[in-house]
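Q: Starting from the given sequences, assemble the full structure and let the hints guide the process.
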Amino acid sequence: MGRPNLLITRGLPEPVLKLADASFEVKLWPHDYPIGAQLLPWAQGCDALLVMATDRLDAGTLQQMPSSVRAIATYSVGHDHIDLEAAADRGVPVFNTPDVLSDAVAETALLLILSAARNASTAEATLRDGNWGPWSPTHFLGQQLTGRRLGIYGMGRIGMGIAQRALAFGMQVHYHNRTRHSSASAYTYHASLESLMAHSDVFCACAPSTPQTRGAINAERLKLLPTGAVFVNIARGDLVDEDALISAITSGKVGGAGLDVYCNEPMIDPRFKQLPRTTLLPHIGSATHDARNGMGTLAIDALRTLLLDDAKPANCLNPGALSRRFLKGVS
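The sequence shown runs 3 to 333 under this note's numbering.
Hints listed in this document are in silico derivations from the structure and should not be mistaken for laboratory results.
Backbone N, C-alpha and C fix where the C-beta goes; we use that ideal spot for every residue, glycine too.
Do not take every clue at face value.
[Unchecked claim] So the derived label-pair ranges between C-beta atoms look like this: (1) H33 - N133: 38 to 44 Å; (2) P268 - T229: 20 to 26 Å; (3) G254 - D292: 47 to 53 Å; (4) S325 - K275: 48 to 54 Å; (5) K275 - G217: 40 to 46 Å; (6) C265 - G149: 30 to 36 Å; (7) P32 - R58: 18 to 24 Å; (8) N133 - Y191: 44 to 50 Å; (9) K275 - G13: 24 to 30 Å; (10) G13 - G217: 32 to 38 Å; (11) H33 - S325: 35 to 41 Å.
A: Now the structure itself:
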């Protein structure tokens, strides 16, 4: 029996591709843009797919997926781009890459918090544009983090990582989660998002994109922030009403913003680029060698465990699918 065929829908770091080549016959999408409508024809004859967060696997796509496809791994923690129920209906388990990128994303959050609080983007632009004049005691004044209240919306692995780092800056950590976190007794829990936002000098969105969280950060809730609060989003763009956020920044209600995620990436709302006191990053939260190699290793290991070792990987998003179709006898 030959090695399983694996379609990888984007070029990955060399160590990850070498790991894949060691166990699979790899079919690699050769372009540095999403595979899009070519996913289905390229998936023909493949046993597994390693897809990106930019690949949309909705119910219609999964219903047309070649019957040869027995497993899917996504090179991400987020999985809102995959219809898990439709995959389960086909008996196709889906795996993601948790844990290994949590530190990298938490570091990105701190980068954005610091940059937004200290208005670093304006200071850097002033220097690069040759407009740095004589020193002045009132130029480039920002907010000090010591003693400020950090509100974390979504206290998962990444949120916990941000909280731990924020303590080193002398911040007070508050959070809202669906349930009180057993490992977060040192932090102040808020039973509602409204309460959290009203008590956040710095607000950081870390929640996953779900039907319940999409659009949750709207105009009414942004009004609850203390005037001049810092707003950071490292989660998903669709958690936020972007019109409302732009208005809040423009009016000064939000005193500084740091964004790594947006609606309609990469074609973001052009108004963001004109905003003052705003640091913009192109969705680089997990962009470290360590994290990206770790993500690839976790994804490949899951597919290898399932297809070559006849065992159940731990990081399955729709575990009911493991008991269906070709894996009914797996222990």
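Q: Now look at each hint and say whether the structure bears it out.
A: Hint check:
1. Checked against the hint of 38 to 44 Å, the C-beta distance between H33 and N133 comes to roughly 40 Å, which is consistent with it.
2. At roughly 32 Å, the beta carbons of P268 and T229 sit outside the given window of 20 to 26 Å.
3. Our hint of 47 to 53 Å for G254 and D292 is violated, since their Cβ atoms are close to 38 Å apart.
4. Checking the proposed 48 to 54 Å range against S325 and K275 shows it holds: the Cβ atoms sit about 49 Å from each other.
5. About 23 Å separates the C-beta atoms of K275 and G217, a value inconsistent with the hinted range of 40 to 46 Å.
6. With their beta carbons about 33 Å apart, C265 and G149 fall inside the hinted range of 30 to 36 Å.
7. About 20 Å separates the C-beta atoms of P32 and R58, a value consistent with the hinted range of 18 to 24 Å.
8. The supplied range of 44 to 50 Å is met by N133 and Y191, whose beta-carbon atoms lie about 45 Å from each other.
9. The beta-carbon spacing between K275 and G13, approximately 28 Å, falls within the hinted interval of 24 to 30 Å.
10. With their beta carbons about 34 Å apart, G13 and G217 fall inside the hinted range of 32 to 38 Å.
11. Checking the proposed 35 to 41 Å range against H33 and S325 shows it holds: the Cβ atoms sit about 37 Å from each other.
Hints 2, 3 and 5 from the earlier list are contradicted by this structure; the remaining hints agree with it.
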